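A.B. asks: Each protein sequence line maps, in turn, to chains A and B.
So in the working numbering, spot 153 of the first sequence is number 153, and the numbers just go up one at a time.
Position in the second sequence (from 1) plus 159 gives the number in the working numbering.
In short, the hints are calculated from the structure, not lab data.
It is possible that some hints are incorrect.
Stated by the list, open to error - Computed footprint of chain A on chain B, listed as stretches where at least three residues anywhere in the stretch have a Cβ under 8 Å from a Cβ of chain A: (1) 163-174; (2) 343-357; (3) 384-390; (4) 578-588.
Said to hold, decoys possible - So the derived list for chain A, only partly shown, Cβ under 10 Å to chain B, looks like this: (5) L28; (6) P30; (7) V64; (8) F67; (9) A86; (10) S88; (11) M92; (12) E121; (13) P122; (14) G127; (15) C131; (16) S132.
The structure presented is a predicted model; accordingly, all values stated were derived computationally and were not measured.
Idealized CB from N, CA, C, for every residue including glycine.
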Amino acid sequence: MTMERNDTEIATRTLAVVETWRDAEGPLLPILNGVQKEFGYVPDEALQVIAKALNLSRADVYGVFSFYHDYRDRPAGRHVLKVCRAESCQAMGGDEMADRLREALGVDWHGTSRDGAVTLEPVYCLGLCACSPSAMLDGEVVGRLDEERIGEIAAEVRA
Amino acid sequence: MTVTIYVPRDSGALALGAEKVAARIAGEIKTRGLDAKIVRNGSRGLYWLEPMVEVETPAGRTAYGPVAAKDVPSLFDADFLSGGRHGLSLGDPEKIPYLARQTRLTFARVGVIDPVALADYKAHGGLAGLEKALKMTPADIVRQVTDSGLRGRGGAGFPTGVKWKTVLGTPGEVKYVVCNADEGDSGTFSDRMVMEGDPFVLIEGMTIAAIAVGARKGYIYLRSEYPHAEKVLNEALAVARKAGVLGGSVLGSKHAFDIEVRMGAGAYVCGEETALLDSLEGKRGQVRAKPPLPAQKGLFGKPTVMNNVISLASVPIVLDKGAAYYKDFGLGRSRGTIPIQIAGNVKYPGLFEAAFGLTLGEIVDGIGGGTKSGRPVRAVQVGGPLGAYFPRELFDTPFDYEAFAAKDGLIGHAGVVVFDDTVDMLKQARFAMEFCAIESCGKCTPCRVGAVRGVEVADRIAGGVEPEKQVALLEDLCNTMKFGSLCALGGFTPYPVMSALRHFPEDFRPHPLREAAE
Numbered sequence: 001m002t003m004e005r006n007d008t009e010i011a012t013r014t015l016a017v018v019e020t021w022r023d024a025e026g027p028l029l030p031i032l033n034g035v036q037k038e039f040g041y042v043p044d045e046a047l048q049v050i051a052k053a054l055n056l057s058r059a060d061v062y063g064v065f066s067f068y069h070d071y072r073d074r075p076a077g078r079h080v081l082k083v084c085r086a087e088s089c090q091a092m093g094g095d096e097m098a099d100r101l102r103e104a105l106g107v108d109w110h111g112t113s114r115d116g117a118v119t120l121e122p123v124y125c126l127g128l129c130a131c132s133p134s135a136m137l138d139g140e141v142v143g144r145l146d147e148e149r150i151g152e153i154a155a156e157v158r159a
Numbered sequence: 160m161t162v163t164i165y166v167p168r169d170s171g172a173l174a175l176g177a178e179k180v181a182a183r184i185a186g187e188i189k190t191r192g193l194d195a196k197i198v199r200n201g202s203r204g205l206y207w208l209e210p211m212v213e214v215e216t217p218a219g220r221t222a223y224g225p226v227a228a229k230d231v232p233s234l235f236d237a238d239f240l241s242g243g244r245h246g247l248s249l250g251d252p253e254k255i256p257y258l259a260r261q262t263r264l265t266f267a268r269v270g271v272i273d274p275v276a277l278a279d280y281k282a283h284g285g286l287a288g289l290e291k292a293l294k295m296t297p298a299d300i301v302r303q304v305t306d307s308g309l310r311g312r313g314g315a316g317f318p319t320g321v322k323w324k325t326v327l328g329t330p331g332e333v334k335y336v337v338c339n340a341d342e343g344d345s346g347t348f349s350d351r352m353v354m355e356g357d358p359f360v361l362i363e364g365m366t367i368a369a370i371a372v373g374a375r376k377g378y379i380y381l382r383s384e385y386p387h388a389e390k391v392l393n394e395a396l397a398v399a400r401k402a403g404v405l406g407g408s409v410l411g412s413k414h415a416f417d418i419e420v421r422m423g424a425g426a427y428v429c430g431e432e433t434a435l436l437d438s439l440e441g442k443r444g445q446v447r448a449k450p451p452l453p454a455q456k457g458l459f460g461k462p463t464v465m466n467n468v469i470s471l472a473s474v475p476i477v478l479d480k481g482a483a484y485y486k487d488f489g490l491g492r493s494r495g496t497i498p499i500q501i502a503g504n505v506k507y508p509g510l511f512e513a514a515f516g517l518t519l520g521e522i523v524d525g526i527g528g529g530t531k532s533g534r535p536v537r538a539v540q541v542g543g544p545l546g547a548y549f550p551r552e553l554f555d556t557p558f559d560y561e562a563f564a565a566k567d568g569l570i571g572h573a574g575v576v577v578f579d580d581t582v583d584m585l586k587q588a589r590f591a592m593e594f595c596a597i598e599s600c601g602k603c604t605p606c607r608v609g610a611v612r613g614v615e616v617a618d619r620i621a622g623g624v625e626p627e628k629q630v631a632l633l634e635d636l637c638n639t640m641k642f643g644s645l646c647a648l649g650g651f652t653p654y655p656v657m658s659a660l661r662h663f664p665e666d667f668r669p670h671p672l673r674e675a676a677e
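Chain B extracted, bound-state conformation (with noise of 0.2 Å):
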């Protein structure tokens, strides 16, 4: 019998040297004349372990890790297509301790099933949301979504089954369901996982997202540092199409559904949602005056679905289990599950899928095990570039949209940054200043403005120059961007900015000063 050996093609693999593993690992297959063949999956999300290599054996799926090409003719000398022991074994992957502490239900075939063979993603669940939606009524659909409690997980939390209700209820020939992939925040990557390790979910969840609202075309709006998701989705697409799950008649239904995959040009701005519906016209990524909604006037000025990748891809799970089940995960008006990333400092860096409400603390020190460098955890940034900086005395916090909310901060996308003792937290603020002048769209004068101004008053505090009259004026300058920016990326800089100067005060003062309290 043909063992199936998997090895991922995930960036986050290949940025480790997955390809060259896969390649001698063929090689091996080939000059000792095994019956073996290589599935290309995505990644369970335990970088540490990346490359890591599994084989399908009778006693189930095993094992090994992080898996170098130089390892891989010992691997066969071990027998490892039989599950041999190795140095590098590390057992049933579902019983790693970091992967059987989640809760997957967006990410329950991520690094399990090949991404573009629709037989096994339909041999895992897969479709079973779409056939239910098939024989709803779109208002039975919206109000699933509604009753779930899913809000997008892009960033901004609004609940997801009240977009699309607006879309539904708004009359129009033509409508759209655009899905936001410009996942452009640091330490964030679960869109890409996603995308590359299961692009059918994506798929079924806009296709259910169309059928609700009745659209007959979607666009993937996917940002151009992501190449190798491009290639998943389109080796998918090419594939549902093939198959009847997208074109003229969606699973022999009487809707007609369609996608294509529109590739950014590396502008951050563009992943709000109205740039980018402008980036999809054609124009300058710049941001819109809200309202109208883009659920009411977005793409061309048609009605349209916008939502994240994540939120999109659990759909299927809400309308194949029901609203009940996914609403049963979670605490207050955080529902379901949210795929947490784990990143920078830390020595267990990844994705974990969990209901909401673990803490920070629980986070960063339990699961992600703490600096990579082993210096102590100085400060937490939580919610991507625009999020706030959080110190150990906030580890508390669990990780809820509204328990964030009251600490000043935002969960946005679910990305986690842990920087060690050694960080300047006056850096900090600045580059968050620096980030938004590069990136701003040019609109509003707060963001294009200030932000290059904030650079200039942070300078001028790491000189000495009259620092507490410029401390007096950074906070002026972030009150002005909050409240006078028209999109998040003005209007959230100032949260990196204002946590690092209330939690970090110690960083904002002059050298000769800072280094006499030390």
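Chain A extracted, bound-state conformation (with noise of 0.2 Å):
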């Protein structure tokens, strides 16, 4: 019985922020963006309401979902860290950054550590390469990692 309420809890909201969107032109991109931030990622119970709300197949939906990095099909950790993996930042030592910050961390490329805390993801550019490297925590944008900067994220993560 859980089950079927938790169930009808995400049609609800999934339906809300469908409806936010039924006028806009291409509204399966929003819609994707606005399910993943109503749920930390999107359900897949999700995908069947907006396929059935835009009389799309599941099929024409899953593979939208499944084309975008950002998309996750599990609830991400307390918090996300994204590092920047890209050139600019391995020119400043990002790759080293980044296994620190693994290792602080315990956990690896597109995991979540065990404690639930925080769920780690490469990106390709965050558009900071005037400070590489960098990262973003939670959104909050992060430049010229160190070893001090790693030591705060390290430190507020697990707080």
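Take the two lone chains, each set in its own frame, and fit them into one complex as the hints suggest.
C.D. replies: Now the structure itself:
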């Protein structure tokens, strides 16, 4: 029964997101973005609700969902840390900093730490190339990653 | 009189602690009972000095930087509100050589004004281009843009006016203006700086495009990695609507136009114009075969102007000052100015807008000051992850579309990423293939499969497995990708790979041989 109630809730909250974009042109991406914001991920149940509401096949919606790197099919940790792996950050020792971070947080790329504190995601450029290496913690930008900043990030996600 | 203090809200400044600095300044103003206000401006683009705080004094603006939150009380003690001397004093920001040497046309207001204050924008020459455009015929607007020589600053360098002319000449009740703000190339951040520092110039540029071609709706497709730009854009759009710049009657004219920001979802390939269109339509961001061109059949199959942020943001000054004024800068077929973004391992990273024609050496050594690590510069990647690596021997190449193409490179979106001598060029070549494999949209085989095979070949070279055969295979693979791919992702990935191989062959030899060579 818990399951059923849960499903209904997902459907209701998903439909509310769909409703805000009802009259928009090409509404699928804004809806998926909205659903991910709402739940922290895109539940399988939501895909079905969206497909029905937009009169698309479930395969169409799943195809779009699975194409984009941002969308998750399960909840992330309490914090999401995106670390840039692109060239400008590489030139400034980004790979080493990323290794230290993985060690400090006990998590690998695309993984969530066992205590559920943090999910680590690679990102290819945050546009902070003039202060490489860079990262983004819960939407807040961090530049010139060094031992000190890594320590601060580790402390913040464990808090 | 209320003193104005500027603390940037640019992402780069925020990444270096600008928010804490602003909070601390606000706190000090309150406890000390001073008559001062904080304006959150964009960044001047001198990132080694960020967070750079500026004060409007009777003698003009004076700057301090890089300011940390802990420096704030001492700034007040030094009476920085009257321009007092402090260890972090930089004086008149416009006189800092890095800024004084630039030709800021597109970036004239970035870092200077309050990005979301329309009055500030107008006081600094904003809307003059749009006002002129409203008095012109569509064909005249298009002619001005064509005559200016402005080419697509997103990377392809296609003449902007020619695109507009095609859209103008294609009949259709519904047309669109789409701004490509999916700035995914590593080493580039000029789009972000404009959107965060002077969003009205982009809005004005898009509106001029709309009037020229007869579009009533515009979209800014913005990458999800830029949440701060999204915020500033939406604030600016709300202000523009309220002031009648956008809406049913643009500045009181018969033209209706509005703009909506649409967020991407982390797919590099959506920076490719046709993939972007599919994404905007709510599909997988897959590349379309051309023709038809987006100008003829673009968004939802309608004629669409599709330009990069910097291209559109350069339009208002072209209309305001005239095509000849803009065209007077630059050389050859590269006219006007180009905002060069200097990044990576470099002493003075930042944005440098200048007329085309500076040599790569002037940019890296003269302006960038060489590497931050103090080691020799070994390689410079120009034009993002699909751009070629240049060795020091090619530092005399002038920054110009054709000159870079002649050296088997590209200027792309004008990002310059500097590497010191610790860089392993085989690793960089492998990364180019890996990146292509991760970001491939999957539509064409050379890109989808070729990139994966490229990573494997690079790994075999690194492992010393028949290295000579593998290098020949890599060259063959690059050839197939270059000529067989549908878009620039697969088609240009060979640039970084082949340039690494050509200019740094020693890194592609097996390890024992490499060590013997050293």
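A.B. asks: Which of the numbered hints are not met once you compare them with the structure shown?
C.D. replies: none
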